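Visitor: Keeping their order, the protein sequence lines are chains A and B. Start counting the first sequence at 1; every next residue gets the next number (UniProt numbering). Start counting the second sequence at 1; every next residue gets the next number (UniProt numbering).
I should point out that these hints are in silico values taken from the structure, not numbers from a laboratory. Treat the hints with care, as some may be off.
As the list claims (entries may be wrong) - Incomplete in silico selection of chain B near chain A, CB under 7 Å:
| no. | residue |
| --- | --- |
| 1 | 235 |
| 2 | 240 |
| 3 | 272 |
| 4 | 275 |
| 5 | 276 |
| 6 | 315 |
| 7 | 328 |
| 8 | 329 |
| 9 | 391 |
| 10 | 465 |
| 11 | 587 |
Stated by the list, open to error - DSS-like cross-link-like pairs, simulated, lysine-lysine; straight-line CA separation at most 30 Å:
| no. | chain 1 | residue 1 | chain 2 | residue 2 |
| --- | --- | --- | --- | --- |
| 12 | B | 57 | B | 119 |
| 13 | A | 123 | B | 612 |
| 14 | A | 152 | B | 524 |
| 15 | A | 152 | B | 564 |
| 16 | B | 345 | A | 61 |
| 17 | A | 18 | B | 279 |
| 18 | A | 61 | A | 123 |
| 19 | A | 64 | B | 423 |
| 20 | B | 105 | B | 119 |
| 21 | A | 152 | B | 105 |
| 22 | B | 591 | B | 604 |
| 23 | B | 524 | B | 511 |
| 24 | B | 603 | B | 591 |
| 25 | A | 162 | B | 105 |
| 26 | A | 82 | B | 57 |
| 27 | A | 82 | B | 279 |
| 28 | B | 491 | B | 530 |
| 29 | A | 152 | B | 424 |
| 30 | A | 152 | B | 491 |
| 31 | A | 110 | B | 588 |
| 32 | B | 8 | B | 57 |
| 33 | A | 152 | B | 69 |
| 34 | B | 591 | A | 162 |
| 35 | B | 345 | B | 296 |
| 36 | B | 591 | A | 123 |
| 37 | B | 423 | B | 491 |
| 38 | B | 105 | B | 279 |
| 39 | B | 571 | B | 588 |
| 40 | B | 119 | B | 8 |
Here the structure is a predicted model, which means the values were calculated and not measured. Glycine included, every Cβ here is placed at the ideal spot set by N, Cα and C.
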Amino acid sequence: MSVKKSVIPFSGTEEQEKLLHGIIEQHRHQAGALMPVLQKAQELYGYLPIEVQNMIADGLKVPKSQVYGVVSFYAQFTLNPKGRNQIQICLGTACYVKGAGNLLDRLSDKLGIAPGGITPDGKFSLDECRCFGACGLAPVVIVNGEVYGRLKSDDIDGILGKYE
Amino acid sequence: MISLDQLKEINHTMQGIMAVRRIGEEMIGEAKANGDESSIQILICGDTGCESSGSDKVLDALRQQIEEKKLEKEVTIIRTGCQGLCSMGPVMTVCPGGAFYTQIKVKDVPEIVEEHILKGNVVKRLLYHEMQMDDGILPLKNTGFFKKQYAIALRNCGVINPEDIKEYIGTGGYLALGKVLTEMSPDDVIQTLLDSGLRGRGGAGFPTGNKWKFAKANAADQKFVCCNADEGDPGAFMDRAVLEGDPHVVLEAMAIAGYTIGSSQGYIYVRTEYPTAVKKLNLAIDEAREMGLLGKNIMGTGFDFDIELRLGSGAFVCGEETALMRSIEGERGEPRPRPPFPAVKGLFDKPTILNNVETMSNIPQIILNGPEWFSSIGTEKSKGTKVFALGGKITNTGLIEVPMGTTLRDIVEEIGGGVPNGKKFKAAQTGGPSGGCIPAEHADTPIDYDNLVAIGSMMGSGGFIVMDEDTCMVDISKFFLQFMVDESCGKCTPCRVGTRRLYEMLDSITKGEATLEDLEKMEKLCMDIKSNSLCGLGQTAPNPVISTLRYFRDEYIAHVVDKKCPAGVCKNLITYSIDAETCIGCTKCAKNCPTNAIDGELKKAHVINTDKCIKCGTCYDVCPVNAVRRG
Chain A
1 MSVKKSVIPF
11 SGTEEQEKLL
21 HGIIEQHRHQ
31 AGALMPVLQK
41 AQELYGYLPI
51 EVQNMIADGL
61 KVPKSQVYGV
71 VSFYAQFTLN
81 PKGRNQIQIC
91 LGTACYVKGA
101 GNLLDRLSDK
111 LGIAPGGITP
121 DGKFSLDECR
131 CFGACGLAPV
141 VIVNGEVYGR
151 LKSDDIDGIL
161 GKYE
Chain B
1 MISLDQLKEI
11 NHTMQGIMAV
21 RRIGEEMIGE
31 AKANGDESSI
41 QILICGDTGC
51 ESSGSDKVLD
61 ALRQQIEEKK
71 LEKEVTIIRT
81 GCQGLCSMGP
91 VMTVCPGGAF
101 YTQIKVKDVP
111 EIVEEHILKG
121 NVVKRLLYHE
131 MQMDDGILPL
141 KNTGFFKKQY
151 AIALRNCGVI
161 NPEDIKEYIG
171 TGGYLALGKV
181 LTEMSPDDVI
191 QTLLDSGLRG
201 RGGAGFPTGN
211 KWKFAKANAA
221 DQKFVCCNAD
231 EGDPGAFMDR
241 AVLEGDPHVV
251 LEAMAIAGYT
261 IGSSQGYIYV
271 RTEYPTAVKK
281 LNLAIDEARE
291 MGLLGKNIMG
301 TGFDFDIELR
311 LGSGAFVCGE
321 ETALMRSIEG
331 ERGEPRPRPP
341 FPAVKGLFDK
351 PTILNNVETM
361 SNIPQIILNG
371 PEWFSSIGTE
381 KSKGTKVFAL
391 GGKITNTGLI
401 EVPMGTTLRD
411 IVEEIGGGVP
421 NGKKFKAAQT
431 GGPSGGCIPA
441 EHADTPIDYD
451 NLVAIGSMMG
461 SGGFIVMDED
471 TCMVDISKFF
481 LQFMVDESCG
491 KCTPCRVGTR
501 RLYEMLDSIT
511 KGEATLEDLE
521 KMEKLCMDIK
531 SNSLCGLGQT
541 APNPVISTLR
551 YFRDEYIAHV
561 VDKKCPAGVC
571 KNLITYSIDA
581 ETCIGCTKCA
591 KNCPTNAIDG
601 ELKKAHVINT
611 DKCIKCGTCY
621 DVCPVNAVRR
631 G
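Please model the entire structure based on the sequences and the hints provided.
Guide: As structure tokens, then:
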């Protein structure tokens, strides 16, 4: 995962905070609670900024270092917010053998961001993924859950053009 | 709470409906709505592969048509798990009769309903092309893709509705648990597994019976049963297919494991990247609890067992058993040295067994059919079947299950339908990032645990990626090493630093900057990483490099000495040019070039400006007369 701290200021609402405390309360007495709480917190906020990590550390009474250690260990946790349109490119072996590397080059080039990044206007974020299990359609790109399969680099412009 | 007798009653009631779906293959084309209630069952694949090709829209259209024609009573639509042939998705099977329709579009649905459902005529044009014969229809099970397959782990995938526990019970589901709880002692179960010869399907192939025996032997106030559903091999989706298509089989096997080792709590560690699988598992757990097949006093036998889901968060190393357990404990998923083995000190420091999804899904069948049945399938030291996710440069991409001992050639040529576009089969990669490449020269080796290790690969979890002459073996090794660099947890130095150095060496080879001396250094480094790393991830990380060096050394040497990439993949070592004689001046390449690097007028030969060219290969792909040269 990207460990760079987000440049976009934290804008959590009071309501979100209340929900987060609910999640913490629900899991507090469970063995191994930290992972499920982080997963639900990321669903709630879309990412895990330091502010959210601190609330979780206080709520579960675990050191902040431990929370950060877990967040930075797993690829699914992100310290950066995602774009309005989330692009995921599959870099599983089946997709790679069928040319996903070229697709990624074209996407990065077009958007001007590396995998893990977000465009400055917040329109697109780009992430690499390992195997969606749609190997029959390789190579595959997913935008906001919509699957585009059997792609060639030339298809990229058309796909990006569909999103605002 | 349900009793064993009640369970058998459900099984009895459902058996007929389920049987129609299995025996249908013999009586092609007999299905017709004839006024009987639910005379026709349409099985439409709702697995991720088919869903991505639009099966949901086909399903909606089908439901609408059935409603419009008022056929709801005569036709049942079932959304199943994976039916296997992902490259032909969306697929559906109409039972009885077993007509297997492929690549169905929404606009095809009215024709299927009108012709097949109402009139009983198979729509030949939509039938899987291999079933279409001049003088009739070939049953699906006799087609190349299915002929050599044998389903144990996948027997219910694509056949039952994974969201209806009764359908699972109709196939004999939970009867193995019933048998174990009422007729067998824990030692009987262990002996059955030992006799069956079942070995772990997650990679290394440790005998499952022994694993359970060790855990049973250790006394403790609490023990745990864990199921590894953290399928991290990029390019493998066997476990996902079972979880989405037949989730109850995993729950049943875990309960059997619980009874055997003396545990009342199970955990399934499943990838968060599999949202559908998570949903189906949660539903299945709820259904099983509601029916009293999980929870307290199961089937009135006094046995308690429950299961909780834990989501992995995208760390390949969490497929390693000690790392997985750390992760369930809510920590960083770092492995620890063994011993103590998990059977002694595992999750929360209690004796624990961990089996992967495919291993689990074999167990109820072994209990029901006996160990002799299972051990009659396969080779001397590898019993049963193996599921592979077939992908890459192959015609029939999909999910297959074959008896151990099937050869690579059978899988690639018969089941896989060969390499497309007239290209030559070069190698198959098995075992994912920890495995190796099997070259075409070993195509007749029977595939089992020991043979694969002998030829420098491994069974792994079951990824099976086919490569053709356009695949560069150095580039593919670099791809796997990049993966390992990303996924190394960082705890031990040989893996953390070693994999990165190895990646850098491969990178310099693909750029034409390496020397022959570097190749030797690289081989030594591979051995150092292998022998000094803490866990299986590091110990196997150099495998892709070792196996490609063993079989494709020529290709490495071409990169190093000739500064050429024979497969035409490594960008720094290739140039594109246009053959003036062949070029017809259609301007297609110039129009498609992303960097405007191609000049030329209509109907005159075009030229590539190599300063501007980014070697993306677009011109090579679009040229209608093959005038673009790569070399």
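Visitor: Taking the hints in turn, state whether each one holds.
Guide: Taking the hints in turn, this is what the structure says about them:
1. 235: Result: holds, 3 Å to nearest chain A Cβ.
2. 240: holds (5 Å)
3. 272: holds (5 Å)
4. 275: Where the cut-off is 7 Å and the nearest Cβ of chain A is about 10 Å from residue 275 of chain B, the hint is violated.
5. 276: violated (9 Å)
6. 315: Holds - the Cβ of residue 315 of chain B comes within 7 Å of chain A, reaching about 5 Å at its closest.
7. 328: Holds, because the Cβ-Cβ distance from residue 328 of chain B to chain A comes to roughly 5 Å (cut-off 7 Å).
8. 329: Since chain A brings a Cβ to about 5 Å from residue 329 of chain B, closer than 7 Å, the hint holds.
9. 391: At about 3 Å, which falls below the 7 Å cut-off, the nearest Cβ of chain A leaves the hint on residue 391 of chain B intact, so it holds.
10. 465: holds (5 Å)
11. 587: violated (15 Å)
12. B:57 - B:119: Holds: residue 57 of chain B and residue 119 of chain B sit about 24 Å apart, inside 30 Å.
13. A:123 - B:612: Measuring from Cα to Cα gives roughly 29 Å; hence the hint holds.
14. A:152 - B:524: violated (39 Å)
15. A:152 - B:564: Distance ~25 Å between residue 152 of chain A and residue 564 of chain B Cα, so the pair holds.
16. B:345 - A:61: Holds. Residue 345 of chain B to residue 61 of chain A sits at ~26 Å (cutoff 30 Å).
17. A:18 - B:279: Within the cut-off at roughly 26 Å; holds.
18. A:61 - A:123: violated (37 Å)
19. A:64 - B:423: violated (55 Å)
20. B:105 - B:119: Roughly 20 Å between the alpha carbons, so the hint for residue 105 of chain B and residue 119 of chain B holds.
21. A:152 - B:105: holds (22 Å)
22. B:591 - B:604: holds (14 Å)
23. B:524 - B:511: The given pair, whose Cα atoms are some 21 Å apart, holds under the 30 Å limit.
24. B:603 - B:591: holds (14 Å)
25. A:162 - B:105: The hint holds at about 22 Å.
26. A:82 - B:57: holds (28 Å)
27. A:82 - B:279: Status holds; Cα separation ~24 Å.
28. B:491 - B:530: Cα-Cα ~15 Å, so holds.
29. A:152 - B:424: It holds: about 22 Å lies between the C-alpha atoms, which stays within 30 Å.
30. A:152 - B:491: Between residue 152 of chain A and residue 491 of chain B the Cα gap is close to 39 Å, so the pair fails against 30 Å, i.e. violated.
31. A:110 - B:588: holds (21 Å)
32. B:8 - B:57: violated (37 Å)
33. A:152 - B:69: Given that 30 Å is the threshold and the Cα spacing comes to 41 Å, the pair is violated.
34. B:591 - A:162: Measuring from Cα to Cα gives roughly 21 Å; hence the hint holds.
35. B:345 - B:296: Holds, at about 26 Å.
36. B:591 - A:123: holds (28 Å)
37. B:423 - B:491: Given pair residue 423 of chain B, residue 491 of chain B is violated - Cα atoms ~43 Å apart, limit 30 Å.
38. B:105 - B:279: holds (27 Å)
39. B:571 - B:588: holds (22 Å)
40. B:119 - B:8: Violated, at about 37 Å.
The structure fails to meet hints 4, 5, 11, 14, 18, 19, 30, 32, 33, 37, 40 from the earlier list, while all remaining hints are met.
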